[in-house]
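Go ahead and model the full structure; you've got the sequences and the hints to work with.
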Amino acid sequence: RNSYYQRALEKAVSACGTDCSVLDVGAGSGLLSMMAAKFGAQHVLAIEANPNLASLAEQNIRRNRPTLFPKSNVTVVAALSSAVTIDQMPSARRADILVTETFGTMLLGEGAINFVPDARDRLMKPGG
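According to the working numbering, the residues represented by the sequence shown are 1 to 128, in order.
Keep in mind the hints are simulated off the structure, nothing from the lab. One or more of the hints may lead you astray.
Unchecked claim - Pair ranges (Cβ atoms, derived):
no., residue 1, residue 2, range
1, Ala15, Pro51, 29 to 37 Å
2, Pro66, Asn2, 20 to 28 Å
3, Arg122, Thr67, 29 to 37 Å
4, Arg1, Arg63, 18 to 26 Å
5, Ser82, Ser3, 28 to 36 Å
For glycine and all other residues, C-beta sits at the position ideal for the given N, C-alpha and C.
Structural data, given as structure tokens:
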């Protein structure tokens, strides 16, 4: 599954351009955020509702930044995506790409069926 995300993010970020912004909803350990940054996303906002996982993501990002994505800005926010506002987005602008890996229980258990459309509508550029 990770290799699929890796290929998809590499393609999407490279097509996005030089000032690409990625929103990672349900970031967990920060893996997808780091992949997006590695492939050239200049701005990544990793949103994780679980404060312990958000802390883990911050640690992982801090440890890997120097070698994998030294020029990218990856920010972790410990909150529900529904509580995040445009002001918290990098440069206070909407994201170009939304990525999430929260489908452990068929879209229902983690509420992805509700929060992904909300994040798309409020935090992404139109057509993103």
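Hints, one by one, checked against the model:
{"no.": "1", "hint": "Ala15 x Pro51: 29 to 37 Å", "in the structure": "holds, 34 Å"}
{"no.": "2", "hint": "Pro66 x Asn2: 20 to 28 Å", "in the structure": "holds, 22 Å"}
{"no.": "3", "hint": "Arg122 x Thr67: 29 to 37 Å", "in the structure": "holds, 34 Å"}
{"no.": "4", "hint": "Arg1 x Arg63: 18 to 26 Å", "in the structure": "holds, 23 Å"}
{"no.": "5", "hint": "Ser82 x Ser3: 28 to 36 Å", "in the structure": "holds, 31 Å"}
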